[in-house]
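So the chains spell out like this:
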Amino acid sequence: GDSVTQMEGPVTLSEEAFLTINCTYTATGYPSLFWYVQYPGEGLQLLLKATKADDKGSNKGFEATYRKETTSFHLEKGSVQVSDSAVYFCALRWAAGNKLTFGGGTRVLVKP
Amino acid sequence: NAGVTQTPKFQVLKTGQSMTLQCAQDMNHNSMYWYRQDPGMGLRLIYYSASEGTTDKGEVPNGYNVSRLNKREFSLRLESAAPSQTSVYFCASGRDWENEQFFGPGTRLTVL
Numbered sequence: 001g002d003s004v005t006q007m008e009g010p011v012t013l014s015e016e017a018f019l020t021i022n023c024t025y026t027a028t029g030y031p032s033l034f035w036y037v038q039y040p041g042e043g044l045q046l047l048l049k050a051t052k053a054d055d056k057g058s059n060k061g062f063e064a065t066y067r068k069e070t071t072s073f074h075l076e077k078g079s080v081q082v083s084d085s086a087v088y089f090c091a092l093r094w095a096a097g098n099k100l101t102f103g104g105g106t107r108v109l110v111k112p
Numbered sequence: 113n114a115g116v117t118q119t120p121k122f123q124v125l126k127t128g129q130s131m132t133l134q135c136a137q138d139m140n141h142n143s144m145y146w147y148r149q150d151p152g153m154g155l156r157l158i159y160y161s162a163s164e165g166t167t168d169k170g171e172v173p174n175g176y177n178v179s180r181l182n183k184r185e186f187s188l189r190l191e192s193a194a195p196s197q198t199s200v201y202f203c204a205s206g207r208d209w210e211n212e213q214f215f216g217p218g219t220r221l222t223v224l
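From first to last, the protein sequence lines stand for chains C and X.
Letter by letter, the first sequence follows residues 1 to 112 in this note's numbering.
Letter by letter, the second sequence follows residues 113 to 224 in this note's numbering.
Simulated from the structure, these hints should not be mistaken for laboratory data.
Bear in mind that the values here come from a model prediction, so they are computed numbers and not experimental data.
A virtual CB, placed ideally from N, CA and C, is assigned to each residue, including glycine.
Watch out, some of these pointers could steer you wrong.
Stated by the list, open to error - Computed footprint of chain X on chain C, listed as stretches where at least three residues anywhere in the stretch have a Cβ under 8 Å from a Cβ of chain X:
| no. | segment |
| --- | --- |
| 1 | 9 to 15 |
| 2 | 54 to 65 |
As the list claims (entries may be wrong) - No farther apart than 25 Å at their CA atoms in a straight line, the calculated lysine-lysine pairs in the BS3-like style are these:
| no. | chain 1 | residue 1 | chain 2 | residue 2 |
| --- | --- | --- | --- | --- |
| 3 | X | LYS126 | C | LYS99 |
| 4 | X | LYS183 | X | LYS126 |
| 5 | C | LYS99 | X | LYS183 |
| 6 | C | LYS111 | C | LYS99 |
| 7 | C | LYS99 | C | LYS49 |
| 8 | C | LYS99 | C | LYS56 |
Unchecked claim - Which chain X residues stay away from chain C? Per the calculated CB distances, all over 10 Å, these:
| no. | residue |
| --- | --- |
| 9 | ARG180 |
| 10 | PHE202 |
| 11 | VAL223 |
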């Protein structure tokens with residue numbers, strides 16, 4: 001079945017450092033891909049998405065590119081802030097279905 | 113708009129007790145979802161309702177029942193709680209199955 005694999009955390013960074021969170025998926029065909037973010041004590045929020053190969057999703061300084069050749073959707077941010085401390089989830093969904101398949105989440109802690 | 117609201121925020125049960133988790137959305141969304149979040153496993157879909165009057169099983173439905181009371185409300189019931197149901201439960205809603213899902217703040221449930 002479909003699955004999403006994320007790098008395990010926690011990832012601890014200093015403010016203004018470069019952040020990369022790896023995400024790879026296993027699925028037949030080409031699903032839509034998402035990054036969700038969960039701030040402490042809150043529910044998940046959609047951060048960005050890409051619906052077809054080579055699409056780049058971007059939001060709040062974060063970017064991720066849908067790479068079908070490597071079945072990956074890595075999340076990057078060039079200069080993180082303390083406010084980026086959160087848990088980040090990679091997820092996929094088929095166009096013909098309403099089920100999101102999530103990775104295990106990566107906790108990011110940014111220190112001042 | 114309050115978005116997606118959930119009650120209660122925290123709950124402790126003894127094995128065998130029953131309870132209902134409440135979820136409501138004020139965005140006029142057709143689809144609603146219940147997920148559970150366990151450490152390292154991301155979110156897993158328990159049940160969903162694609163539209164008012166319909167419900168379907170997700171990935172981990174055993175031990176749960178749901179009711180789509182009306183377009184706004186979607187409740188999750190544990191008839192006989194078990195320690196394996198200790199988790200954080202999230203409700204989500206979306207305009208339809210193609211669109212972004214909006215999540216509530218979650219209910220942290222502990223079953224002793």
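Do the hints match the structure? See the list:
1. Counting residues of the segment 9 to 15 of chain C whose beta carbon lies closer than 8 Å to any beta carbon of chain X gives 0, which falls short of the minimum of three for the stated coverage.
2. Interface restraint, the segment 54 to 65 of chain C with chain X: violated (0 residues with C-beta to C-beta distance below 8 Å; minimum three).
3. Using a Cα cut-off of 25 Å, the hinted pair X/LYS126 and C/LYS99 is violated, with the two alpha carbons roughly 31 Å apart.
4. For the proposed pair X/LYS183 and X/LYS126, the alpha carbon gap of about 32 Å is over 25 Å, so the pair is violated.
5. With a C-alpha separation of about 19 Å, the suggested pair C/LYS99 and X/LYS183 falls inside the 25 Å cut-off, and the hint holds.
6. Note on C/LYS111 and C/LYS99: the hinted pairing is violated, with a Cα-Cα distance of about 35 Å set against a maximum of 25 Å.
7. Between the alpha carbons of C/LYS99 and C/LYS49 the distance comes to roughly 15 Å, so the proposed pair stays at or under 25 Å and holds.
8. Of the supplied pair hints, the one linking C/LYS99 and C/LYS56 holds, its CA atoms being roughly 22 Å apart against a limit of 25 Å.
9. No beta-carbon of chain C comes within 10 Å of the beta-carbon of X/ARG180; the shortest separation is about 14 Å.
10. Look at X/PHE202: its CB is around 6 Å from the nearest CB on chain C, not clear of 10 Å, so calling it non-interface is violated.
11. Every CB of chain C is more than 10 Å from the CB of X/VAL223 (nearest about 21 Å), matching its label as outside the interface.
The structure shown violates the earlier hints numbered 1, 2, 3, 4, 6, 10.
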